Amino acid sequence: MVTEPTLLILASLADGDKHGYAMMEDIHQLAGVRLGAGTLYGAITRMEELGWIAGLESEERRKPYRLTALGRRHLEEQMSALDKMVKRTLRRLKPA
Amino acid sequence: MRRGIRLLAKCYPRAWRERYGVEFDALMEDVEPDLQEFTNVLGGAVKLQLASGTALWKFLGVMALVGILASVGAWKLAPQRYVSTAQLRVTPPDGGDVAKAQADQDLDLMLQTTLSRGSLMEIIQRPSLNLYRAERMRIPVEDVIQQMRSDIMVRRDREGSTFSVSFAYPDRLKSPAVLRELTRKLVEGNAMVARNREFIWLEAWKEHAPPGVTVEPAAPPSYPSDPEPRLSIFLAWGFGVGLALGVLVFAIVRQPRLMRQLALCGMAGCVLGGAASFLMPETFVSEVVMRITPPVNPARWYAGTKPESFVERVERLKNAVLGALKNGSERNISIQLFPTTSRVGTARISATGSSALQAQSLASEVVSGFLEQFITEETAREGDDIRYMAERRLGPHIDVLDPPSLPQTPASPNRALMASLGLLAGLLAGALMSWRRRPSGPAMTAVPQPI
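Sequence order for the protein chains is S and W. What the first sequence shows, in the working numbering, is residues 1 to 96, in sequence order. What the second sequence shows, in the working numbering, is residues 1 to 451, in sequence order.
Please keep in mind that the hints were generated in silico from the structure rather than gathered at the bench. This structure is a prediction, so every number in the text was calculated from the model and none was measured. One thing to keep in mind: the hints can contain errors.
What the hints assert, rightly or not - Covered stretches of chain W, going by a simulated chain S footprint (3 or more residues, C-beta under 8 Å):
| # | stretch |
| --- | --- |
| 1 | 21-30 |
| 2 | 43-52 |
Said to hold, decoys possible - To list a few chain W residues with every Cβ distance to chain S over 10 Å, as calculated:
| # | residue |
| --- | --- |
| 3 | LEU60 |
| 4 | PRO79 |
| 5 | HIS208 |
| 6 | LYS318 |
| 7 | LEU357 |
Every residue gets a Cβ at the ideal spot worked out from N, C-alpha and C, and that includes glycine.
Assemble the whole structure, with the sequences as input and the hints as a guide.
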């Protein structure tokens, strides 16, 4: 189970823009992980500084976030590495 | 809870709140307010405060405030004790320094007798008082007596004309009741000492004893109104602990890897130290307290001679007693001397054994040895001088204040100490390893850390 908050947020934003609470719900459905508000906004702060996500115009006090090109590339790299590791591990698990 | 979480949200750094405050507050309205969310928001506030370069002193100030608030809660939960105090007046007899020294000696004897194991146990078990009931079911009797001794405080003023006795106990009415008993025992002890002295002088020297010290109540036991410990003590502790925790949290957030390594090494050391203590053989210690007093003689008997001091007498008796022990048991005996005056004092004998019974029987053997040796010496000296004949009639001057105890728990190995030493060694080893592995160049910070 992936529990890294930054990766979970990037994965959640991969299919469209979302605000904080929507991200929390989506991550819960996607990975079964319940992110706390403190953890979520700590990660959002850092990721925005790194340029992986960008805030959009607020909608009734709730600000949606969008994945940037840099963030998408980082997510693809991480998922690709994860995919390779999963495939190798599954091959090891197959009976000889 | 929701209100508390909203309040916590205000603790985030100002710059951060200006950027994210509105949307974070909106999120707070959506999330389920529970303890997990509360601690998560609190952790986020602490981490962001520290990561945003908040000065150490500012963070420490907040932690000290939290510590003070927590200490108020702890004070409410802490067991309250009521301290009652009584005062006794001491009037030494006329007769200069010699009389004053005799008065001090008598007072010490009275206090030792009043605070002896038997005397305190009698008070503890008295049905009308029934003290330390919960403790007596939980811990050994020896420890209960020791606790009572620590709850009693005797203070003497500088001139020596009065001394106060205090007793602290959770029951507001029992505290002065116990103190009444203690003062009664002291005053009665004083009268008994005077009676004994008179009897001895009449018996031995056919004359009245010189006047001794007088002890009488000066102020009855006070009825305490406010319980202890005082809130101010808790506040001071809360402040100190808050500051210490602040430094620790600051270090954990700023140096998480180092602190994790230190914690792991410390825990490993603690476990190793604790495990090593279980491999060591257990030893039990039985203790005896004896009081040794000189014979009561008119001063004229000592004209021109130097009476044997307390230390000289015990050392001489000790050598004879320990020399008579078999199988090298003398190595398991230690004797501490507490001279009150040059001729009076108490001796604490500690006997060590691999079992509680072995330790107790060795202590009993040593006490019997002291008493036998004393009587043998006195009998042998009878023919020397007429004054020894008179002394002999007064009986031995060794009183066993606390008979050999039966230890309930082993005295060594000290598992808590060994685990603490292991913890310390682990922390040192962890610090040394981190220092040796420190990077030589600038650290890479591009990789995002989990938040």
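Give me the numbers of the hints this structure contradicts, sorted from smallest to largest.
The structure conflicts with no hint, since it agrees with every one listed earlier.
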